[in-house]
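K.L.:
Chain by chain, the residues run as shown.
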Amino acid sequence: MAGATQELRQAPPQPGTTGAAPAQERLPRLALIGNPNSGKTSLFNQLTGLNQKVGNFPGVTVDRKTGVAQLGGERRAEVIDLPGTYSLYPKSLDEQVIADLLYNPSSPDYPDFVVVTVDASNLRRSLLLFSQLADLGLPAILALNMTDVAAERGITIDLPTLERELGVPVVPMNARKGVGMAALRIVMAERLAAPPALRFWQPDATVQALVNEVRAHFGLHNDYLALHYAHQFQHLHFLTETDREFLARLTEKFAFDATARQAEETVGRYARINELLLDTVTVTRTERREPASNRIDKVLTHRVFGYLIFLSVLFLLFQAIFAWAQYPMDLIDRGISALSAVIQANFHGPLVRLLTEGVIAGLGGVLIFIPQIALLFAFLAVLEETGYMARVTFLMDKLMRPFGLSGKSVVPLISGLACAVPAIMGARTIESWKDRMLTIFVTPLMSCSARIPVYTVLVALVVPDEAWLGVFNMRGLVLMGLYLLGLSSALISAFILKKVLKARERSYFIMEFPVYRWPRWKNVGLTIVEKVKAFIFQAGKVIIAISVLLWVLASYGPGNRQDQAEAQVKQAAITQRWPGSELERRVASARLETSYAGTFGHVIEPAIRPLGFDWKIGIALLTSFAAREVFVGTMSTIYSVGQDADLGTVQQKLAAEKDLQGQPFFTPVRALSLLVFYVFAMQCMSTLAVTYRETKSWRWPLGQLVYMTGLAYAASLLVWQVFA
Amino acid sequence: MAIFRRKSASAAQQPLSAGRRTANDLKMGETATVCCLKDPQMALKLLEMGCIPGTQVRLTGRAPLGDPLMLMLGDEEYTLSLRVSEALTIQLKD
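Chain order of the listed sequences is F and X. So for the first sequence, my numbering puts the first residue at 1; every next one is plus one. So for the second sequence, my numbering puts the first residue at 725; every next one is plus one.
Just chain F, with the same shape it has in the complex (with noise of 0.2 Å):
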């Protein structure tokens, strides 16, 4: 703790680089800090535009926003974006991060200066974290923002007053607008913020023998601070486990009691604000009306036109989606086909094919889903924005309970019918860990757009085109059936692991309704593009790895049994007189069944032939681990042999398939079964891996993979030996 001690006023100097020329000095590091819906997000938007790096703190899944600000005089700073939070007691592991980094000052991340976002028309609570921010002594400049909204509740503020009770400068702006920036970077240029004279709150005389012992023990630099590792050491990554141990016994030598004194502490903040709000605050209100937002509420949240209203806007999400998300995706599915094509034209050698059928068809795999996240985070960030999201937690947190979910859970669940991906990165929003983690787990099983060719084909396949009591079509129900037999699968299964995992924090539901307001569409934007990327660079690296790794177990088999094969077919063709193009199907099938891939569904077959499944269908199980939608590719593939050429579709291929009787190979309690089967399983890496990178363990999606596959195993075992 030797950093501890360093005078806070000054920039601490940069010994690291030898004899540095003054532009590589590290640039003046500020973080941004305040309430959520203060306008952090959107001053943070403004500094740095499309200058935004996310990383991850270190050690926990938070994410960590950094990046450069211009400030004026040709000034930059890096910024750091805290999440938002209401006071420096964290209440989740977002708000952790922030007490890691302020209360270490050997952190690399350790601020130079603090922006503090208060919101004008919330004052009071709003200076309960600048006071606390100020008690440790950290130079600060206060961003007074909302002050437009301020201003329309009739709130006028004393600024000079204020600044001198604060003892800091405070910038009067409107961040959703850019109000007041211009004077912002000219005050964080000059780097004005000084650590506040005043003193907010005292400790009591009690604690304060315990105060002198924690800050002489540490070599800290302020009261407040050593109070604060009394209140929090069990959770501060940065000691160490005899610094613990110190403190634990410190604390129980002097009956310290975190929670009354937290209480009391906030109490006399408030008392404390109060005052100075008494100074610097007048409220003329010329008549008391109800707010706009309570009167939308009236209606948003009405028991009828509520659910209407939500109803609605899952309509159009999915519309955006089903409907208008596969223009795009089309396109970058044909983009990738011509580029590949391009490349198989003009290239020859062992390595094209692996590029272009490895490489280009995994990357292709990742990109194609790149339209329904773009569209998906486009909608929940507008959703977010204007306010809304809480009023659908609010509306279907009573319903999701029983099951161990909360209203949080209900956007990433309706967003996995989409795609479970953008879904589990969805699931973010929720504190309360044990509720993350139940929503991430049973996300994937509600069917995902991925599944759509899947249950199409076979329900196509085996369903007649009929009318069920001449109105409902019969097709449709049993796809209705499927959608909510993924639907209570998951709720079930959230209800069953919330038997088995135990909470590790409490669960809290209080929160702020924000005030209805138009979405910034640049915030917007930067979601979109943030979202984007995290999925590329992370969720896509393991993509790419397994497609590659899948395509090799599809083109090369053990020994030299593929050359043999289709030297077979060759033979056979001669005798035969197949047309070419019907000779390069056997060629590519024989290949295929011979191939690893092949040989794995050779394998399996004993295993999964009670479910009513063959080998062929086992290599469609293994490739639809890189995607589900690989499965009707891999059936086309596979079913191809001895068909007429005209018989086009994979529908028609299933339907020509005779098994040893000669009778029609699906029957439609196969196809049940393994209808049944795709509900349940889990068979997309890139859900994986994004639950890898939400979870930041592999126990999750290991879980997943073994209890979705479990389930799925037992559920067609169930259809087939019962029906068939």
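Check the hints yourself; a few may be wrong.
[What the hints assert, rightly or not] Calculated lysine-lysine pairs in the DSS-like style (CA-CA distance at most 30 Å, straight line):
#1 K434(F) - K499(F)
#2 K177(F) - K533(F)
#3 K762(X) - K177(F)
#4 K398(F) - K498(F)
#5 K522(F) - K533(F)
#6 K91(F) - K762(X)
#7 K762(X) - K398(F)
#8 K498(F) - K91(F)
#9 K434(F) - K91(F)
#10 K570(F) - K502(F)
#11 K298(F) - K751(X)
#12 K498(F) - K522(F)
#13 K91(F) - K817(X)
#14 K817(X) - K499(F)
#15 K91(F) - K696(F)
#16 K762(X) - K434(F)
#17 K398(F) - K53(F)
#18 K298(F) - K499(F)
#19 K434(F) - K751(X)
#20 K398(F) - K817(X)
#21 K253(F) - K91(F)
#22 K817(X) - K762(X)
#23 K253(F) - K762(X)
#24 K434(F) - K696(F)
#25 K762(X) - K498(F)
#26 K53(F) - K177(F)
#27 K696(F) - K533(F)
#28 K696(F) - K498(F)
#29 K502(F) - K751(X)
Honestly, the hints are just simulated from the structure, not real lab data.
Keeping the supplied structure of chain F fixed, place chain X upon it in accordance with the hints.
P.N.:
Relative to the frame of chain F, chain X by itself:
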């Protein structure tokens, strides 16, 4: 819907609040003053969110199933959403 609501409100409230009304007992649109916060852990969260003893609270809405509810705090036109179980820890002055 109305039956549901009355049931959840009265059934849950009885064993917890000894005499004093809680934020869950407020009628729609009714305003009252916070007297004290019962659950020490929950109190920390409520305090940070601005729900301090002496603050005025007004019930501005309930979800269709009666839970969660919306409380508007003080004169700052600031709305909290919280579950019935959480509202039960907020006791009101008579």
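K.L.:
Keeping to a limit of 30 Å between CA atoms, is the pair of K762(X) and K398(F) held or broken?
P.N.:
Distance of about 23 Å is within 30 Å: holds.
K.L.:
Please work out if K298(F) and K499(F) have their alpha carbons no farther apart than 30 Å.
P.N.:
Measuring from Cα to Cα gives roughly 36 Å; hence the hint is violated.
K.L.:
Verify the proposed pairing of K762(X) with K177(F), using a straight-line Cα cut of 30 Å.
P.N.:
violated, 42 Å
K.L.:
Under the criterion that the straight-line Cα-Cα distance not exceed 30 Å, is the pair K498(F), K91(F) satisfied?
P.N.:
holds, 21 Å
K.L.:
With the threshold set at 30 Å, check whether the alpha-carbon distance from K253(F) to K762(X) stays at or below it.
P.N.:
holds, 27 Å
K.L.:
Do the alpha carbons of K398(F) and K53(F) lie within 30 Å of each other, as the hint requires?
P.N.:
Violated: K398(F) and K53(F) sit about 38 Å apart, past 30 Å.
K.L.:
Please work out if K762(X) and K434(F) have their alpha carbons no farther apart than 30 Å.
P.N.:
Roughly 25 Å between the alpha carbons, so the hint for K762(X) and K434(F) holds.
K.L.:
Starting from K498(F), check that the Cα of K522(F) is at most 30 Å away, please.
P.N.:
Between K498(F) and K522(F) the Cα gap is close to 39 Å, so the pair fails against 30 Å, i.e. violated.
K.L.:
Is it true that the CA of K91(F) sits at most 30 Å from the CA of K762(X)?
P.N.:
holds, 19 Å
K.L.:
Sort out whether K498(F) lies within 30 Å of K696(F), counting only the CA atoms.
P.N.:
holds, 20 Å
K.L.:
So if I understand the rule, the pair passes when the alpha-carbon distance is 30 Å or less; does K398(F) with K817(X) pass?
P.N.:
holds, 28 Å
K.L.:
Next pair to validate is K696(F) with K533(F); report whether the Cα-Cα distance is within 30 Å.
P.N.:
holds, 18 Å
Hint compliance for this structure: hints 3, 10, 12, 14, 17, 18, 19 and 29 are not met, and every other hint is.
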